[in-house]
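Q: Chain by chain, the residues:
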Amino acid sequence: MPEHASFLTSRLNEALGWARKYSIFQYPFVTACCGMEYMATACSHYDVDRFGAGFPRFSPRQADVLFVVGTISHKMAPVLKRIHDQMAEPKWVVAFGVCTCTGGFYDNYATVMGIDTILPVDVYIPGCPPRPEMVLDGLMKLQDKIHEEHRTGERPAPEERPETLDA
Amino acid sequence: MTTLIERVASRFPDAVASSHAWRGDETVVLRREGLIEAARFVKEDPDLAMNFLMDLSAVDYSAFGKGPAPAFFSSSGVAVRPTPNIPDEDPWPGPPSSERFAVVYHFFSTTHKHRLRFVVPVGEDEPEVDSLVTLWPGANWLEREVWDLFGIRFKGHPDLRRILMYEEFEGHPLRKDYPVNKRQPLIGPVN
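Line by line, the protein sequences are chains F and P.
By the count of my numbering, the first sequence reaches residue 167 at its end, each step adding exactly one.
By the count of my numbering, the second sequence reaches residue 191 at its end, each step adding exactly one.
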């Protein structure tokens with residue numbers, strides 16, 4: 001294959017990545033108070049639509065990004081896992097709020113201590129709840145990762161789990 | 001005008017173990033054999049007419065008085081117990097009995113606008129009381145919750161399954177001897 005053709009292919013891939021990162025269909029899995037902050041981010045003041053992510057799909061089969069917003073209990077965990085399994089590749093997972101990142105201030109018999117114990121997480125957004133600015137920052141990080149995947153052909157490694165403070 | 005306690009006590013002298021009206025909340029401590037009859041009385045008697053079961057819960061007294069008050073409360077500025085500086089003229093009557101558990105019922109009458117509390121002490125060996133589902137259908141899920149979290153059975157309950165925890169969960173997490181750090185894996189690694 002001539003050289004200019006392969007050049008064109010890689011540029012096309014990058015264009016695809018550019019298109020994909022600005023058309024994120026999200027599935028909001030909202031279980032707790034973080035949902036208010038999610039709504040604030042989605043509404044016109046912070047306007048998540050500027051980032052192309054303003055179109056929540058309430059079916060996991062049509063979604064690209066799973067936003068896990070709020071505490072996940074052990075009873076909820078199989079449901080969340082199933083939702084994730086139902087999503088078509090390529091898919092990403094955002095842990096929204098400190099409960100989904102590490103369990104947060106919950107340390108009890110009922111709470112999953114971070115959804116990364118059951119799912120691969122791409123972006124962690126800590127905070128209790130995170131401010132919309134942090135959510136947008138996390139969203140932009142996710143966009144970078146999506147673009148990176150199309151540029152290099154490899155999926156970027158999942159993020160490091162945020163450190164928990166030992167009381 | 002007789003109080004609600006007097007009406008229950010005069011009707012069921014054998015079932016009532018003790019009673020008090022601490023801080024205005026009329027409370028009857030019942031032996032569990034007399035629970036279902038006394039409950040039917042307070043529901044169906046027109047002068048009491050407790051047509052609303054507000055709450056049904058339980059207490060585990062096994063750790064009561066055996067440790068200092070949690071630091072959270074003692075440092076929060078909330079008075080944990082009466083200080084000698086402010087004499088408490090109406091002290092708390094204390095736990096209902098020496099039994100480990102107590103099942104607590106809160107009744108309300110929407111016609112007379114009055115409340116009554118039943119406390120039924122339950123021993124550790126045979127934690128079982130009669131179900132009130134036949135009288136108040138709303139007791140169904142509340143009794144399932146008490147079974148789930150305290151392990152107290154309700155005799156005659158139509159469907160006594162766990163309601164908050166999942167079926168595979170072992171133990172009853174609100175019992176004071178449930179280890180506070182115990183984790184039970186459901187799926188994924190132990191966390």
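Hints are computed from structural coordinates only; laboratory data are not their basis.
Please read all numbers here as calculations on a predicted model, not as lab measurements.
Mixed in with the good hints there might be a few duds.
To be verified - Cross-link-like lysine-lysine pairs, in silico, BS3-like; alpha carbons within 25 Å at most:
1) Lys91(F) with Lys81(F)
2) Lys176(P) with Lys81(F)
3) Lys75(F) with Lys113(P)
4) Lys91(F) with Lys75(F)
5) Lys176(P) with Lys75(F)
Q: Hinted pair, alpha-carbon criterion (25 Å max): Lys91(F), Lys75(F). Please report holds or violated.
A: 24 Å, holds
Q: Regarding the pair Lys176(P) and Lys81(F), is the alpha-carbon distance no greater than 25 Å?
A: 32 Å, violated
Q: Measure nothing beyond the straight line between the CA atoms of Lys176(P) and Lys75(F); if it is 25 Å or shorter, mark the hint as holding.
A: 22 Å, holds
Q: Compare the distance between the alpha carbons of Lys91(F) and Lys81(F) with 25 Å, and conclude whether the hinted pair is satisfied.
A: With Cα atoms ~13 Å apart, Lys91(F) and Lys81(F) stay inside 25 Å; holds.
Q: Are the Cα atoms of Lys75(F) and Lys113(P) separated by 25 Å or less?
A: 38 Å, violated
Hint compliance for this structure: hints 2 and 3 are not met, and every other hint is.
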